[in-house]
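Protein chains in written order, with UniProt numbering: chain A, 1 to 206; chain B, 1 to 499.
Worth double-checking, as some hints may not be accurate.
[Unchecked claim] Derived list of chain A stretches under chain B, where covered just means 3 residues or more per stretch with a C-beta under 8 angstroms from a C-beta of chain B:
no. : region
1   : 71–78
2   : 146–158
3   : 161–169
[Stated by the list, open to error] Lysine-lysine pairs mimicking DSBU-like chemistry, simulated, CA-CA at most 35 angstroms apart:
no. : chain 1 : residue 1 : chain 2 : residue 2
4   : B       : K164      : B       : K393
5   : B       : K52       : A       : K27
6   : B       : K52       : B       : K393
7   : A       : K71       : A       : K51
8   : B       : K213      : A       : K27
9   : B       : K164      : B       : K52
10  : A       : K51       : B       : K218
11  : B       : K213      : A       : K51
12  : A       : K27       : B       : K218
13  : B       : K164      : A       : K51
14  : B       : K213      : A       : K71
15  : B       : K213      : B       : K164
16  : B       : K164      : B       : K218
17  : A       : K51       : B       : K52
18  : A       : K51       : A       : K27
Note that these hints are calculated values from the structure, not bench results. Here a beta-carbon is modelled for each residue, glycine too, at the ideal position from N, C-alpha and C.
The chain contents come next:
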Amino acid sequence: MSARTEILDRLRSALHDAPEAPEIPRKYRHSSGMNEEELIELLRDRLLDYKAGVSVVDEASVPAKVAELLKGETSYVVPAGLDERWTALAPGRVVDSPEEPLSVEELDGIDAVVTGCAAAVAETGTIILDGSPGQGRRACSLIPDHHVCLVRAGDIYGVLPEAVRRLDVTHPLTWISGPSATSDIELQRVEGVHGPRRLDVVIIRS
Amino acid sequence: MSSTYLGMPAVPVYGSGNLHTAEPFPVAARRELDNEQLRANLGHATHTIRDKRLRVVAELPDWEELREAGSATKAAVMARLPELLEQFEENFTARGGVIHWARDAAEANEIVRDLIRDAGADEVVKVKSMATQEIGLNEYLEEHGISAFETDLAELIVQLDHDKPSHILVPAIHKNRSQIRDIFLREMPDVDPNLTDTPARLAEAARLHLRRKFLSAKVAISGANFALADTGTLAVVESEGNGRMCLTLPETLITVMGVEKLLPSWTDLEVFMQLLPRSSTGERMNPYTSLWTGVTEGDGPQNVHLVLLDNGRSAALADERGRSALHCIRCSACMNVCPVYERTGGHAYGSTYPGPIGAILSPLLTGITSEENASLPYASSLCGACYDACPVKINIPEILVHLRSEDVQSRRGTKKVPGQMDVAMKAASWMMGSGRRMALVEKALPLGKLAAGPDRKIKKLPGIAAGWTRSRDLPAPPAQSFRDWWAKEHEDTASKEQA
Ligand code: SF4
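Let's have the full structure, built from the sequences with the hints guiding it.
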């Protein structure tokens, strides 16, 4: 008998008493009812708590803000599809596209990465990337040590269920809540281990 | 597809691997209790995480509603497990993933070894995974000439020191910073000889040590926190980014996961990703969560495998009073509130799964007749703190009591000389089995009062119960039993009514 058949048989006979699957009560919050300013404030507060950098700007100030954040970095990668105007003032841009992907070694030689995002969750301080144009493949937002992430205020949701219901989970998803961190040594939190050690989030007011 | 099986009920097939204690819990616990550093570190860790957890849990007005949803979802998963596994398999396979089924630890290890060989690799990077610890994968691979590198900082420390994890969330909590520095200096060939013991410097050393491995690894091995049946998606929850490295950069990804980790649908994750980080690290959200569904062209591993592991889970599922132990999402909240765990640490439980959940899960997976694991359900004072802390509301005390009685039952008719606990349990059931006998025993209560000192505390109980009185004083039994009090009150009321 194959392992598959045997395991499924074992599990079926384990349910000898035919237990009923209960109804799932979903009385938890499905939305926060917050307005844009409240959402921005909450997201900002949460991200600062994780030791991420946060700026809130109007669309017109994005290029200057991005250039300011990238000051000191010699090069940065942007995934194909990111609005070119956003990085227009920052020198050192390298583009990663499905047609011409950078190698892991090339990415390792690049200082920073600038991406957009699919959604953000204010209550948990979470940014979600789904690999769509402007967000890129996962290696891009992982290997460079400094991640600048642009978040449109309209993509911020109050609580997790709101965001989850708007995402396509068959895309590879990366949920990011602050820079990489560890508390493994005497429970003292240290920001920056293997993922980007610096995370700057730029929130764009609509 | 019905989940009701019409065949003959089979004999449960138990699990193997790192699920057994090498010695009975009381023996291991006694030794671990002498380790003062372990106790100090653990006390500090459990209290710190506990306080953080309480703060972030209190922030959510709907915490109880989330727990209710989580608990019901897991009960539904267990009731529908065979059907959900088939649904998951169909979706995962349709998107380019390959599923392997493993009856036990040995079979899982072989499958993983062969997949690594097929990929032409002789080393792998690993993300922290309890399932691979349970099956003893690292040791097995080493015997077969394959090096497995743990990449989670704490796991790396434990591995470099040839030690075992002592806590499921912070596995190296029994080591302090200067010990960690010494381990790094001794075991990392490329380490800076001037390494100091500040946590930031130690984390930096780990980053440098593993960086080249991540960038050049051909094969990675992971566990999974959740699997979504309706889409065929897997999820890994982590903090350091070592998970993202492993899940993204190598060409081949092999995930090992127990069959119980399924959730019916994608939207269920909205519940569990609120419950898990807050219960586990006491954070609103962990730094990184990765979700992948089979293979994505041009992004991440192109050979994606999943080993679905039984190893005693079907046996645990067969126990209708114990099966909810399979609801566990491995957050470690129950450990952090457990007075027994806090003093003995994780090593005393022997198995990969320590603490209150380990005390029920290990014997359920191996069978209560496993001589050493049979002592685990007694490793608790039944205070109930674990039940209150558990995000999916597993009634651990109830299962402990159930397993204790299973243990006593299983010894009946065997030639084994009954242990002290058996005698105590038998005496208790005989005594409580009859109101008249109970009344007689209660008559003896004032004697217990005499055994207590003038401060009304009993300092020392004989035999097996001595374990309890060693760490705390028992209040003396009341001078009057409840039964006596009730009878008297009743009489009084009755006579008042007559008047
Ligand atoms: S039993 Fe509950 S509290 Fe303990 S680790 Fe599992 S989910 Fe967490």
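- Message: Is the listed coverage of the region 146–158 of chain A by chain B valid when you require three or more residues with a beta carbon under 8 angstroms from a beta carbon of that chain?
- Response: violated (count 0)
- When you check the alpha-carbon spacing of K164/B and K393/B, does it fall within 35 angstroms? Measuring from Cα to Cα gives roughly 28 angstroms; hence the hint holds.
- Message: Given the hinted pair K52/B and K27/A, is their Cα-Cα distance within 35 angstroms?
- Response: holds, 25 angstroms
- Item | Proposed proximity, K52/B with K164/B (alpha carbon, max 35 angstroms) | Cα-Cα ~26 angstroms, so holds.
- Message: So if I understand the rule, the pair passes when the alpha-carbon distance is 35 angstroms or less; does K27/A with K218/B pass?
- Response: Roughly 45 angstroms separates the two Cα atoms, so the pair is violated.
- Query: Given as covered by chain B, does the region 161–169 of chain A meet the bar of three residues or more with CB within less than 8 angstroms?
  - Reply: holds (count 4)
- For the pair supplied as a hint, K213/B and K27/A, is the alpha-carbon distance within the 35 angstroms limit? Judged against 35 angstroms, a Cα distance of about 46 angstroms means the pair is violated.
- Message: Would the hint linking K213/B and K164/B be met if the CA-CA limit is 35 angstroms?
- Response: Within the cut-off at roughly 23 angstroms; holds.
- Message: Can you confirm whether the C-alpha distance between K164/B and K218/B stays at or below 35 angstroms?
- Response: Status holds; Cα separation ~26 angstroms.
- Message: Run the distance test for K51/A versus K52/B: straight-line Cα separation, threshold 35 angstroms.
- Response: holds, 17 angstroms
- Is it true that the CA of K71/A sits at most 35 angstroms from the CA of K51/A? holds, 19 angstroms
- Taking 35 angstroms as the top limit, are the C-alpha atoms of K51/A and K27/A close enough? holds, 33 angstroms
In this structure, the hints that do not hold are numbers 1, 2, 8, 12, in rising order.
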